[in-house]
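From just these sequences and the hints, can you work out the full model?
2 protein chains.
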Amino acid sequence: MGWVRTRRDSKGGFSFLEINDGSCLNNLQVIADHNIDGFESDSGKLHTGCCAGITGKLVQSPGKGQNVELQAFSIEVYGAADPEQYPLQKKNHSFEFLREIAHLRPRTNTFGAVMRVRNRLAYSIHQFFQDRGFVYLNTPIITTSDCEGAGEMFQVTTLNPSSPPMIDAKVDYSQDFFGEKTSLTVSGQLEGEVYALALSEIYTFGPTFRAENSNTSRHLSEFWMVEPEMAFYDLEDDMDLAEDFLRYLFKDALEHCPEDLEFFNKRIDKTILERHRRIVENQFERILYSEAIHILEKSKKKFIYSVEWGCNLQSEHERYISEEVFKRPVIIYNYPDEIKPFYMKANEDGVTVSAMDVLLPKLGEIIGGSQREDDYEALIKRMKAKDLDMENYYWYIDLRRFGSAPHSGFGLGFERLVQFVTGMENIRDVIPFPRTPKNARF
Amino acid sequence: MGWVRTRRDSKGGFSFLEINDGSCLNNLQVIADHNIDGFESDSGKLHTGCCAGITGKLVQSPGKGQNVELQAFSIEVYGAADPEQYPLQKKNHSFEFLREIAHLRPRTNTFGAVMRVRNRLAYSIHQFFQDRGFVYLNTPIITTSDCEGAGEMFQVTTLNPSSPPMIDAKVDYSQDFFGEKTSLTVSGQLEGEVYALALSEIYTFGPTFRAENSNTSRHLSEFWMVEPEMAFYDLEDDMDLAEDFLRYLFKDALEHCPEDLEFFNKRIDKTILERHRRIVENQFERILYSEAIHILEKSKKKFIYSVEWGCNLQSEHERYISEEVFKRPVIIYNYPDEIKPFYMKANEDGVTVSAMDVLLPKLGEIIGGSQREDDYEALIKRMKAKDLDMENYYWYIDLRRFGSAPHSGFGLGFERLVQFVTGMENIRDVIPFPRTPKNARF
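Taken in sequence, the protein lines are chains R and W. Going by my numbering, the first sequence opens with residue 1, and the numbers climb by one from there. Going by my numbering, the second sequence opens with residue 1, and the numbers climb by one from there.
Hints are supplied without guarantee of correctness; some may be wrong.
Which copy is meant is left open, so a pair is good if it fits within one copy or across any two.
[Said to hold, decoys possible] Below 20 Å or equal to it, Euclidean Cα-Cα: the simulated EDC-like pairs (lysine to aspartate or glutamate) are:
#1 K90 x D398
#2 K340 x D389
#3 K438 x E391
#4 K438 x E180
#5 K181 x E152
#6 K45 x D398
#7 K45 x E377
Please keep in mind that the hints were generated in silico from the structure rather than gathered at the bench. Source: prediction; values computed, not measured.
See the structure below:
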């Protein structure tokens with residue numbers, strides 16, 4: 001059972017049908033004699049996009065391009081697809097066009113392959129952590145807290161938006177569904193820390209949201225994130241885990257998705273197979289933020305953004321370091337205090353924090369993580385310096401009052417990973433139904 | 001490394017510490033001579049809730065209650081927990097009280113066990129579907145569509161709520177982030193059908209939302225749902241899969257969580273182990289909705305809600321049928337058209353649809369599913385009868401215009417499953433941070 005991709009009629013009174021059921025990239029070739037049951041009556045419907053059930057005998061194929069083929073005994077059409085109206089005729093369609101018909105694009109070779117690879121990566125993420133005894137954690141989507149610095153938030157409400165209840169010229173959120181102002185989560189990290197400080201090693205894998213007006217090929221308003229959090233890990237343990245994790249995922253994808261990755265390597269980006277193998281086979285480079293700045297300053301390359309100690313690294317800097325200088329994944333660590341959020345652990349030098357970013361050639365940052373500040377006094381000091389509302393974070397602070405422990409974690413943007421593994425240029429093409437500014441269709 | 005659960009000092013100059021790191025229910029007993037490194041200096045901190053790293057020799061235990069114990073060489077306290085302030089002292093706390101300190105409750109026996117069982121069930125769900133070649137699908141959380149009849153929705157917006165832009169006395173959603181009115185999803189089914197009609201067999205596992213003011217022990221405003229959707233499955237295939245799925249999950253939990261389930265069986269509900277084994281070992285009963293009505297009508301039991309053909313079954317009816325009549329899980333199928341949503345397949349009798357619910361003793365409905373209407377004309381007719389806006393569903397209707405196929409699916413509320421497997425009475429106690437009316441804390 002599957003969907004007809006192509007049909008070719010032979011003069012000898014039979015037809016060749018290419019059938020695909022989405023389980024793999026390759027089609028099954030069907031030889032249908034025009035005298036078999038159902039052929040004559042359904043022949044007018046057997047076009048590209050039509051869905052049919054075919055009974056037959058699977059035999060070795062004498063033709064080129066396939067090992068086996070099906071000699072049909074009978075055909076039943078489940079649903080036709082009028083060639084005058086069905087948008088997916090046999091020709092190349094632009095990814096822009098396919099985004100307009102996101103409800104039909106999974107029936108194409110490219111999107112079928114993307115979704116199978118995405119599926120394998122998701123499962124592989126679970127296997128990696130489960131094999132190591134991590135507990136999968138569902139942190140809340142609707143939240144009253146804000147993982148500071150992560151980004152703009154969407155508001156969640158059941159109030160009547162054209163006339164919300166007001167009190168003292170402000171919206172009276174005590175009448176809203178949750179009795180206070182709520183938003184969609186930008187990160188499950190803070191809640192992840194709660195559980196790491198009880199179950200030792202946990203990971204989240206769920207949707208997160210950014211209400212930023214970023215119309216780029218690397219940003220989504222809704223995306224899935226993986227966030228492990230581990231008690232008793234320092235920054236080095238954190239970097240070790242991040243490296244093991246990424247190499248495991250690439251190895252697993254090469255092993256389990258060879259057909260789909262060959263397809264991407266041929267049609268989308270001819271360098272991905274080689275790049276993935278290099279990631280699996282080589283250790284990541286690890287350099288201090290200060291070294292990275294030094295490398296960038298002494299480089300003869302012209303950058304759009306100038307570099308000095310204390311600056312945020314831009315994508316052009318990150319790619320230069322991983323692609324051109326080291327030609328492999330690079331972990332940069334110990335970033336300046338000032339450019340990092342309140343929860344990161346202060347280093348003894350007084351100016352840096354135990355933060356790390358993993359950079360991949362071609363992509364830039366794929367993982368960001370840190371050791372967390374586990375000392376009560378140091379955390380309070382950092383929160384005051386960043387002018388945060390302590391009351392809002394009382395439960396997070398409590399973790400440092402009661403049985404605190406060194407702990408670390410990181411976050412991986414799942415769609416960026418799928419993008420990198422498949423070589424797809426636009427992040428909107430690696431998620432079933434992308435949400436971006438001015439677009440929440442389907 | 002772990003958290004001190006209890007400490008007992010012996011007169012002989014040593015202490016017994018019970019240490020737990022959340023990886024399992026049982027503690028590790030530590031024998032700490034008062035002369036070892038770190039003991040004297042940290043002794044004042046070694047109380048319940050304190051986090052410590054202990055080095056020592058693991059030996060067979062001469063005492064009762066454990067096979068092994070640790071003879072400590074040295075102790076280092078990572079974080080103290082002032083006994084005057086730490087709320088989790090060694091005594092029984094009510095679940096209501098523990099909900100108030102949801103950031104500390106995972107450190108208790110009960111919540112550690114709940115989260116380990118929850119973790120295992122989540123992984124087991126992935127394994128079940130992955131082993132069968134299903135593709136894991138992330139359907140959108142923010143949506144403009146509404147899986148009709150599923151329930152009230154939360155609105156998602158970035159407009160200024162105290163003065164939203166207005167046009168013709170209505171909120172001008174063209175200025176909202178997505179350019180139209182958006183909500184949190186109540187179900188991924190419709191988008192799941194898109195992918196089933198391309199990849200054949202898919203499943204979702206993600207958060208869903210209901211803005212209903214239900215303050216019961218079985219309702220959450222934010223919960224996780226599993227929704228498989230399969231091309232080429234009719235209602236019977238759908239029921240077969242649902243039954244296989246549930247029996248697999250219970251079998252897997254019994255195999256992989258024996259210690260935690262023994263704990264629940266002892267402390268929470270003394271019938272769960274026996275009930276789970278019965279589910280694994282016995283076939284589910286399958287009866288028509290009409291038969292269920294007949295059984296209820298002729299029963300001598302007094303129900304709060306009266307019964308007649310065409311009514312919705314209430315929890316009391318569902319539990320009577322599965323607990324008292326059949327004493328096992330029951331699948332009721334072929335429900336009246338009028339009480340079911342537009343997307344369910346009309347049966348030939350003209351009054352019922354191919355819907356099914358799986359009922360568990362003690363819990364009631366755990367799975368609801370159906371064969372979907374795959375015929376274009378029949379779908380349009382049903383949508384008109386239910387007065388739906390066709391334009392909004394153009395892409396869903398397209399699936400019946402282009403390569404339609406018989407297909408079916410179902411939904412399982414994940415927290416209800418965890419509730420049933422653990423025996424926990426309140427659904428707020430089987431999710432890390434519950435969201436309910438007037439509560440979105442942490």
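Results for each hint:
| no. | hint | verdict |
| --- | --- | --- |
| 1 | K90 x D398 | between (61 Å within a copy, 19 Å between copies) |
| 2 | K340 x D389 | within (17 Å within a copy, 48 Å between copies) |
| 3 | K438 x E391 | between (35 Å within a copy, 19 Å between copies) |
| 4 | K438 x E180 | between (27 Å within a copy, 8 Å between copies) |
| 5 | K181 x E152 | both (14 Å within a copy, 19 Å between copies) |
| 6 | K45 x D398 | between (67 Å within a copy, 17 Å between copies) |
| 7 | K45 x E377 | between (73 Å within a copy, 17 Å between copies) |
Checked against the numbered hints above, the structure breaks none of them.
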